[in-house]
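There are 2 protein chains.
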Amino acid sequence: MKANEDLAGENTKTFKENKILSVNLMSSPGAGKTTILEETIKKLNAEIKMAVIEGDLMTSKDAERIHAQGAPVVQVNTEGGCHLDANMVSKALQEFDLEALDVVFIENVGNLVCPANFAMGEDKKVAVLSVPEGDDKPLKYPVMFKEVDVCVLNKIDFLPYSNFNMESFRRDVKSLNPQIKIIEMSASQGTGLDEWCDWIRGEVQWKKEQK
Amino acid sequence: MKANEDLAGENTKTFKENKILSVNLMSSPGAGKTTILEETIKKLNAEIKMAVIEGDLMTSKDAERIHAQGAPVVQVNTEGGCHLDANMVSKALQEFDLEALDVVFIENVGNLVCPANFAMGEDKKVAVLSVPEGDDKPLKYPVMFKEVDVCVLNKIDFLPYSNFNMESFRRDVKSLNPQIKIIEMSASQGTGLDEWCDWIRGEVQWKKEQK
Chain Z
665 MKANEDLAGE
675 NTKTFKENKI
685 LSVNLMSSPG
695 AGKTTILEET
705 IKKLNAEIKM
715 AVIEGDLMTS
725 KDAERIHAQG
735 APVVQVNTEG
745 GCHLDANMVS
755 KALQEFDLEA
765 LDVVFIENVG
775 NLVCPANFAM
785 GEDKKVAVLS
795 VPEGDDKPLK
805 YPVMFKEVDV
815 CVLNKIDFLP
825 YSNFNMESFR
835 RDVKSLNPQI
845 KIIEMSASQG
855 TGLDEWCDWI
865 RGEVQWKKEQ
875 K
Chain C
665 MKANEDLAGE
675 NTKTFKENKI
685 LSVNLMSSPG
695 AGKTTILEET
705 IKKLNAEIKM
715 AVIEGDLMTS
725 KDAERIHAQG
735 APVVQVNTEG
745 GCHLDANMVS
755 KALQEFDLEA
765 LDVVFIENVG
775 NLVCPANFAM
785 GEDKKVAVLS
795 VPEGDDKPLK
805 YPVMFKEVDV
815 CVLNKIDFLP
825 YSNFNMESFR
835 RDVKSLNPQI
845 KIIEMSASQG
855 TGLDEWCDWI
865 RGEVQWKKEQ
875 K
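As you go down the protein sequences, you meet chains Z and C in turn. In the numbering used here, each residue carries its 1-based index in the first sequence increased by 664. In the numbering used here, each residue carries its 1-based index in the second sequence increased by 664.
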């Protein structure tokens, strides 16, 4: 834990020196992290230089999807490990041309529990929840929702076919984390991507202005 | 790990002495484990005596849902822990009148990674995957799908609104685990529950006949 904290501090320094915004994306398996990144790259590639660190237990399926969008990507296979850690991120960063980048997205292993407890030195943490998972998840997995800056509620195109209660979801999330920003999204349909991209733009700007 | 194995062995003995079938249900958050158990209790309560151990990080929401169906239930809060272990199950078992039971369901913490690695002494392991999570999940979370006896594919009522490829899902699951039984289900709509309940009946019978 201590060694991880130290390495996370080193990563923070690397991001700061290169004025790179780093964003850790966390969710259950299948909530839509990779699709969100694909669409983000399509929308912002002309104005913001992005790279992705892809965390997975096995396979490089997600990294191939990111590569197809034309962004630099490094695949990290945890070989069964349930989250990324600062050391994995540190090694992956060595593969990028950092001076050419504005943003590094870190797509964590699909897991709503363990990733919330491991610092990697990132600037911002994002939890993605998808409508089919149910509105009861924030209270059941509170550590995740307390830790993050943004909660993306993805797959809102499933709302008509689900008993997801938006009011109760918003109330629960805000009760755990009053400062949290909630973005409703359907990444596959394009809903909410403008709000998300505006948030990224704002954070990139903020990072560039940091001394 | 060793202590956990020993305790798991004790649990196995307890199940055997009482001729109780024990089933460990694992999945991502929101795949539908609790709904499956609610519907199973409704369907089988008259013929099979069931109890449930409910694993959660926090809250007793799921235990309340099971209690409402009239089955004995013990809530285990892991206080942030990402899976149940043999010790938690052993303690929970002390709360039940074991002689009066045919089946104990163990609903694990919502997590497709960690629970696959922890023995609890159970007879059967079941992975629940839901259609909105995507057909790529078996290869991305192979340990889980290699370990289980049954894979329930839940929320098949979402198939018309999703790009889930059933053929590729079945091929991938079978490539990891040729012996696995796949049950297509929509627990909320009642689809596939008969096949699931028949499997439970068969396993209860098998357990009663064990010496």
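Hint data in this document are derived by calculation from the structure and do not stem from the laboratory. Careful, some of the hints might be misleading.
Since the list gives no way to pick one copy over another, a pair counts as held whenever it fits inside one copy or between any two copies.
Claimed, not checked - Below, a list of computed lysine-lysine pairs in the BS3-like style, where the Cα atoms sit at most 25 Å apart:
(1) K838 / K872
(2) K810 / K845
(3) K810 / K725
(4) K838 / K725
(5) K680 / K725
(6) K706 / K875
(7) K683 / K871
(8) K838 / K707
(9) K680 / K755
(10) K713 / K875
(11) K845 / K755
(12) K707 / K875
**OP:** Have a look at K838 and K872 and pick one of within, between, both or neither, based on CA distance no larger than 25 Å.
**Re:** Neither: 29 Å inside a chain and 50 Å across chains, both beyond 25 Å.
**OP:** Go through the copies and call it for K810 and K845: within, between, both or neither, with a Cα cutoff of 25 Å.
**Re:** within (12 Å within a copy, 38 Å between copies)
Original post:
Quick one: K845 to K755, C-alpha cut-off 25 Å, is that within a copy, between copies, both, or neither?
Top reply: neither (31 Å within a copy, 40 Å between copies)
Subject >> Within, between, both or neither: K706, K875 at alpha-carbon 25 Å >> reply: Classified as neither; 30 Å inside a copy, 62 Å across copies.
Original post:
How would you label the pair K683, K871 (within, between, both, or neither) given a Cα cut-off of 25 Å?
Top reply: Answer is within: at 6 Å inside a copy they meet the 25 Å cutoff, but 62 Å across does not.
**OP:** Evaluate K838 and K707 at a C-alpha cut-off of 25 Å and name the case that applies: within, between, both or neither.
**Re:** Result: close neither inside a copy nor across copies, 29 Å intra and 38 Å inter.
Original post:
Is the C-alpha distance from K713 to K875 at most 25 Å within one copy, between copies, in both cases, or in neither?
Top reply: Classified as within: same-chain Cα gap 20 Å, cross-chain 66 Å, threshold 25 Å.
Original post:
Between the shortest in-copy and the shortest cross-copy C-alpha distance, which are at most 25 Å for K680 and K755: within, between, both, or neither?
Top reply: within (17 Å within a copy, 49 Å between copies)
Original post:
With identical chains treated as interchangeable, where does the CA-CA distance between K707 and K875 reach 25 Å or less: within a copy, between copies, both, or neither?
Top reply: Answer is neither: 28 Å inside a copy and 64 Å across each miss the 25 Å cutoff.
Original post:
Is it within, between, both, or neither for K810 and K725, if the alpha carbons may be no more than 25 Å apart?
Top reply: Between copies, since 19 Å is at most 25 Å while 30 Å is not.
Original post:
Between K838 and K725, at a C-alpha cutoff of 25 Å, which is it: within one copy, between copies, both, or neither?
Top reply: between (34 Å within a copy, 19 Å between copies)
Original post:
Can you tell me if K680 and K725 fall within 25 Å by alpha carbon in one copy, between copies, both or neither?
Top reply: neither (30 Å within a copy, 43 Å between copies)
Against the hints set out earlier in the document, violations occur for numbers 1, 5, 6, 8, 11 and 12.
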